[in-house]
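> Going down the list, the protein sequences come from chains A and B. Residue numbers for the first sequence follow my numbering, beginning at 8 and rising by one. Residue numbers for the second sequence follow my numbering, beginning at 85 and rising by one.
Please note that the accuracy of each hint is not assured.
To be verified - Here are the simulated distance ranges between beta carbons: (1) B:A207 / A:L83: 31 to 41 Å; (2) B:A223 / A:P78: 28 to 38 Å; (3) B:G342 / A:L15: 30 to 40 Å; (4) A:E14 / B:L127: 25 to 35 Å; (5) B:L124 / A:W47: 33 to 43 Å; (6) A:D10 / B:I128: 29 to 39 Å; (7) A:E46 / B:D147: 17 to 27 Å.
Please keep in mind that the hints were generated in silico from the structure rather than gathered at the bench. Ideal Cβ placement from N, Cα and C applies to all residues, glycine included.
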Amino acid sequence: MIDQYSELSIWIVIIALGIGTFLIRWSFLGALGNRDMPEWVLRMLRYTPVAVLPALVAPLVMWPAATDGQPDPARLSAAAATVAVGVLTKNVILSILAGAITLFGLLYVLG
Amino acid sequence: MAPSPAPRPDPGQPAPDEAGLRALARTPAQAFRHGMVQALPFLIVIVPFAVLFGVVALEAGMDLAQTMGFSVLVLAGASQFTAVQLMTDNAPIFIVILSGLAVNLRMAMYSASLVPWLRDAPAAQKGWLAYLLIDQSYALAVQHYERHPRLSVRQRMAYFFGTAMALSIPWMAATWAGATLGRAIPDDIALDFAMPITFLAMIAPMLRTAAHLVACFVAISAALLFAGLPSGLGLMIAAPLGMAAGALVETWTERRKGQMS
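With the rest of the complex left out, here is chain A:
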């Protein structure tokens, strides 16, 4: 639960993300035009999703809050199934389904 965030700070997050995201999307097309970016910046940008999202998720998979930070076989297996199906099929929906079925299946079996 979000308990340490006031109504106002949640709205500050929303507005800041809204404006910031708009400026990122607008950047080149709206203001920077054809100006060349250093090559290394573009290279780094290419890897933002595959670096940020796994780094965000990894601790949640290893030490879930729902089990008080204890590694949980059902959640670990669900994560593995999601990645495996995602890599093999390249299909986001199938991959989510594989993870969800593994999670609820194992939670049910393991009690």
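The hints should help you fit chain B onto chain A, whose structure is shown.
Quick look at chain B alone, frame taken from chain A:
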């Protein structure tokens, strides 16, 4: 690599084929409808994802207005989930904002690669486009522009707005549905894991090259190593490390290719 990997529109292109002629003959209104139709298959991914965001935001304790605020004003799924997750962890506000924006940095690349196609569009239209520039619309538009290089700027813009309309309005509506109907979901169901599973499912198909794999691996290792740091700080270290690792491997791979040829 130049900021615009797409080939520039070139008047000396070979004559367009039949599909090309049809594309060229479309009025802006027809191009808009064409974009809408071509975007429809993506709803299979977008709608459940938006419903899930509504449910997760509700479970995290946000009210309907805040949840809709995210989906209408930010309009970027991964960063919306990231922000809600970090607020749930009570991360400091600047880390929530920085992380949410970091997830969207890739869109600067999208913006750069659209410049050669849309540079001459009116500023107001570019503004609307920037508001609506989501992954799926970007991918559809660039494919369409490259396939039909002779389209006018008006046709290109109309096509883009068609795809954006077909995807963004369902995104908002499905968020609302999730946030409203989510109350019916029993509390003991393991929804805590919906976000990790969704993110993993989004990442897995992106792991196409060695560089992507290394970026992912380094980011995960660092995130686990720094998990003991105050909430959100580990991410601020792990993500740039992963990005740098990916960029390094890409440089090496290209250099090796250069030497072999």
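> Each hint needs a verdict: does it hold in this structure or not?
To see whether the hints hold, each was checked on the structure:
Take A207 of chain B and L83 of chain A: their Cβ atoms lie about 50 Å apart, and the range 31 to 41 Å is violated. Hint check: A223 of chain B to P78 of chain A, Cβ distance near 37 Å, so the stated range 28 to 38 Å holds. The supplied range of 30 to 40 Å is broken by G342 of chain B and L15 of chain A, whose beta-carbon atoms lie about 54 Å from each other. Here the CB-CB span from E14 of chain A to L127 of chain B is close to 32 Å, well matched to the stated 25 to 35 Å.
Between L124 of chain B and W47 of chain A, the C-beta spacing of about 38 Å keeps the proposed range 33 to 43 Å intact. Distance hint check: the CB atoms of D10 of chain A and I128 of chain B are about 35 Å apart, consistent with the given range 29 to 39 Å. Distance hint check for E46 of chain A and D147 of chain B: the Cβ-Cβ separation is about 45 Å, which falls outside the suggested range of 17 to 27 Å.
Of the hints listed earlier, those the structure fails to meet are numbers 1, 3, 7, in rising order.
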